[in-house]
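Novice: The lines below spell out each chain.
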Amino acid sequence: MGKGYMGKVLFVDLSKGDFKEETIPDEVYEKYLSGTGLAAYLLYNRIPAGADALGPENIFGLMSGLLTGTGSLFTGRWMAVGKSPLTGGWGDANCGGQFSPAIKRAGYDGILFTGISEKPVYLYIGEGKMELRDASGLWGKDAVETEEMLLEECGHDAKVACIGPAGEKLSLIAGICNDKGRIAARSGLGAVMGSKKLKAVVLDGCRRIPVADRDEMKNLSKICSKWVGMQPPFVPGNMTGFIGAFMRILPTQMAQDGMLYKVMLRKWGTVSMNQVSAEMGDSPIKNWSGSNKDFGMSKSKYVNPDVYTDCEMVKYHCYSCPLGCGGICKMTGKFSETHKPEYESVLALGGLCMNEDSDSIFYMNELLNRAGMDTISAGGTAAFAIECYERGILTKDETDGLELKWGNTAAIVSLIEKMIKREGIGDLLADGSKVASQKIGKGSERYAIHAGGQELAMHDGRGDPGFGLHYSVDPTPGRHTIGAWLYYEMFQLWKKVKSLPAVKPLYHKDAKYKADEEKAIWSNACSKFMNVLNGSGVCMFGAFIGIKRTPTFDWLNAATGWNKSPEDYMEIGERIQTLKQQFNIKHGIEPKSFKANDRSLGIPPLLEGANKGRTVEIDKLMKDYWTAFGWDPETGKPKGETLAKLGIE
Amino acid sequence: MSYTIIEVCNGCGACKRLCPANAISGTQKSLHVIDGSLCIECGACGRVCPKQAVKDSLGRICTAVKKSEWEKPVFDHKKCNSCVICIDACPTGCLAMSGAMGKDKHGKPYMKDDKACIGCGFCAAECPVDAITMAKPAAKAA
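Chains as they are written, first to last, in the working numbering: chain A, 310 to 958; chain B, 8 to 149.
Simulated from the structure, these hints should not be mistaken for laboratory data.
Do not rely on the hints blindly, as some may be mistaken.
Taking lysine to any residue and the SDA-like style, the derived pairs with C-alpha atoms no more than 25 Å apart in a straight line are [stated by the list, open to error]:
1. A:Lys639 / A:Phe543
2. A:Lys329 / B:Ala103
3. B:Lys115 / A:Glu699
4. B:Lys86 / A:Asp524
5. A:Lys531 / B:His84
6. A:Lys317 / A:Val544
7. A:Lys954 / A:His896
8. B:Lys110 / A:Phe543
9. A:Lys818 / A:Arg557
10. A:Lys821 / A:Leu559
11. A:Lys312 / B:Trp77
12. A:Lys954 / A:Trp536
13. B:Lys110 / A:Lys643
14. A:Lys921 / A:His896
15. B:Lys62 / A:Gly437
16. B:Lys36 / A:Gly437
17. A:Lys714 / A:Glu699
18. A:Lys531 / B:Phe82
19. B:Lys85 / A:Arg523
20. B:Lys112 / A:Met548
21. A:Lys506 / A:Trp536
22. B:Lys86 / A:Trp536
23. A:Lys531 / B:Ala103
24. A:Lys639 / B:Gly106
25. B:Lys85 / A:Trp536
26. A:Lys438 / B:Phe82
27. A:Lys804 / A:Thr790
28. B:Lys112 / A:Lys818
29. B:Lys119 / B:Trp77
30. A:Lys535 / B:Ala103
31. A:Lys639 / B:Trp77
32. A:Lys929 / A:Glu958
33. A:Lys506 / A:Lys730
34. A:Lys643 / B:Gly106
35. A:Lys639 / B:His113
36. B:Lys115 / A:Arg523
According to the in silico footprint, chain B covers these stretches of chain A (three or more CB under 8 Å from chain B) [said to hold, decoys possible]:
37. 615-628
38. 776-785
Glycine included, every Cβ here is placed at the ideal spot set by N, Cα and C.
With these hints in hand, go ahead and build the complete structure from the sequences.
Specialist: Right under this line is the structure:
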């Protein structure tokens, strides 16, 4: 009987050119699922303490999810894993597109690389062959060029994951690309791939993915699909800013149901949130020093969602996605088309830098996607550099003559181009704002808005303290894809996990800013659940419509034949999170050092705008989060009894 | 589980040419062999074999069917949610997604390369919302 997973992984030793299949016992999947969970299990013991993330001892992997290819929906995420050169701790990043099932169709739940190749290579698996091939001719090519050349060489049905020039040049904010410019961007794992001289992985298998109960999978998927298909007509894009303003002004808030966000995602994609977020204080402005007062509707209207859908030629769906938030947009200039920019990219290259030029955002989006550089970190680092220039910390001589002023579009574009090429000032900034600030000194550290070395995403903890907390406590810090109060509301886990508290349908906003005990329960639940999602390959946007509508736990049981309760799955998530934290401890990281930059937490608080006067009670929130996980409340290190309870050796 | 070839094989190579998983080896006029670790049980070898030399994974002899009568996928675009699972499930790459369809910018799957279709039915089997049925071309036309 099938169990949804392939039951084995492939290890490729790039130093020796060896391949070794490893069968994974069923008990491991039962304890860690697949995806990042399985990867944490495999890498924890095998990467030696203190290993250089860009050295031969680091292990880099591409993982598929347990639910990928099982007839479930929203389960097309694949994950890059390894020790992060950006944070020095556990690194993972995930991405959609069509690559995730290709890993399983090649016969594996994950493909992992050790060692370093002498010359650039790519891995090919398909047509009964498995070989490392010369990639010298691809080195230096961008991600789109690389994929096109590889498809020409290997056949157009193959699926490709590759690095662009940013990964080759070991930029610590480089990611891994698939589907011509989608990118698993965070944790700097593109640099790990570059350090191994691994340009690409090309997969062209057609293995069947075994499932325990396909009929039940379909029954569950049909219900999910019906929910996603509900699409009432919606307001024009230029009205979204007013929705955000209305939400900002109201003293109360309704618990958010992800169905509303689903409707917006299906209509516009993530850019639907551009103006809403800028208005309601979710989106950081002017390197986190500004607010909606600085980037009001007269400026943000240039990034209203209709700007993006007006030039959208076709929407596309990632593997097994019934929603279809992605799109291909036409553009003029050097590139004829680009993936529809995501909210994160638009705001990082827009409001964060006070740039209101939409055309430049399209251009930089495509440029960064092709380079394989994280748009969040690139935008965050550009904003840092602008603030340094405005404050006189960086001079015009040091910026290669660029007038790095807020909103100077031409200078921002030049800066991004230089970062990609590691040219002049770009070389200083290509490893992110933390590394740059350490080199610059002069008090610039205060303006490097990161957690543990990774730039924060475009969601403000001063608006939703859950973001500030998860930026600061996750083993992969600075990411918006783990948890928030908003996420707890939308996941609706209490409908399946009976021990979890339901959110009141209507509450006073002040309740969000109290660091009471319930917040630790919420944030712990988000972290655990997100590990279940990343072990299964589930897209967070699917999970946003609620656990009953996107029935991850039920799909897992139907795919594997297990009979686990929602609580059992949450314990698996707890185990994975604890193991990742333990990975960081092993590599010498003090969890407190991951606390996000003070400014992002309202220390000192903003004097105006949506988040005026707000300070995140971060120390209490962090302590409560650690305590609820059974980690030491003072140090954030998992206690021995917690490790024993979870069976972590 | 895997399909197997029995000794009545005349080594014509039709199955080897068709196998989308490159699981069949053998030289002309000699007994061909299916590599069980590569076989995906699509059944194409059994449908094309003129000598009834192929057994399915349950040990039953497969019957040859005229290529013109092989079942092909028929898409119900009203049920389809554009999730792309069928495209990925197809071992021969004969399906593709359309571009925008009028005002609806969500593409839909269609048969891109009819000749490449081996009638395996994996697209229908994996479709999570049962929007694909397999039908003989004649029935499809009707």
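Novice: The structure should be examined with respect to each hint, and the outcome stated for every one.
Specialist: Structure-based check of each hint:
no.: 1; hint: A:Lys639 / A:Phe543; result: holds, 24 Å
no.: 2; hint: A:Lys329 / B:Ala103; result: violated, 34 Å
no.: 3; hint: B:Lys115 / A:Glu699; result: violated, 50 Å
no.: 4; hint: B:Lys86 / A:Asp524; result: holds, 17 Å
no.: 5; hint: A:Lys531 / B:His84; result: holds, 15 Å
no.: 6; hint: A:Lys317 / A:Val544; result: violated, 48 Å
no.: 7; hint: A:Lys954 / A:His896; result: holds, 22 Å
no.: 8; hint: B:Lys110 / A:Phe543; result: holds, 15 Å
no.: 9; hint: A:Lys818 / A:Arg557; result: holds, 10 Å
no.: 10; hint: A:Lys821 / A:Leu559; result: holds, 14 Å
no.: 11; hint: A:Lys312 / B:Trp77; result: violated, 31 Å
no.: 12; hint: A:Lys954 / A:Trp536; result: violated, 38 Å
no.: 13; hint: B:Lys110 / A:Lys643; result: violated, 28 Å
no.: 14; hint: A:Lys921 / A:His896; result: violated, 38 Å
no.: 15; hint: B:Lys62 / A:Gly437; result: holds, 22 Å
no.: 16; hint: B:Lys36 / A:Gly437; result: holds, 23 Å
no.: 17; hint: A:Lys714 / A:Glu699; result: holds, 6 Å
no.: 18; hint: A:Lys531 / B:Phe82; result: holds, 16 Å
no.: 19; hint: B:Lys85 / A:Arg523; result: holds, 22 Å
no.: 20; hint: B:Lys112 / A:Met548; result: holds, 22 Å
no.: 21; hint: A:Lys506 / A:Trp536; result: violated, 44 Å
no.: 22; hint: B:Lys86 / A:Trp536; result: holds, 13 Å
no.: 23; hint: A:Lys531 / B:Ala103; result: holds, 22 Å
no.: 24; hint: A:Lys639 / B:Gly106; result: holds, 14 Å
no.: 25; hint: B:Lys85 / A:Trp536; result: holds, 15 Å
no.: 26; hint: A:Lys438 / B:Phe82; result: violated, 33 Å
no.: 27; hint: A:Lys804 / A:Thr790; result: holds, 21 Å
no.: 28; hint: B:Lys112 / A:Lys818; result: violated, 38 Å
no.: 29; hint: B:Lys119 / B:Trp77; result: holds, 16 Å
no.: 30; hint: A:Lys535 / B:Ala103; result: holds, 23 Å
no.: 31; hint: A:Lys639 / B:Trp77; result: violated, 40 Å
no.: 32; hint: A:Lys929 / A:Glu958; result: violated, 29 Å
no.: 33; hint: A:Lys506 / A:Lys730; result: holds, 18 Å
no.: 34; hint: A:Lys643 / B:Gly106; result: holds, 23 Å
no.: 35; hint: A:Lys639 / B:His113; result: holds, 16 Å
no.: 36; hint: B:Lys115 / A:Arg523; result: holds, 23 Å
no.: 37; hint: 615-628; result: holds (count 8)
no.: 38; hint: 776-785; result: violated (count 0)
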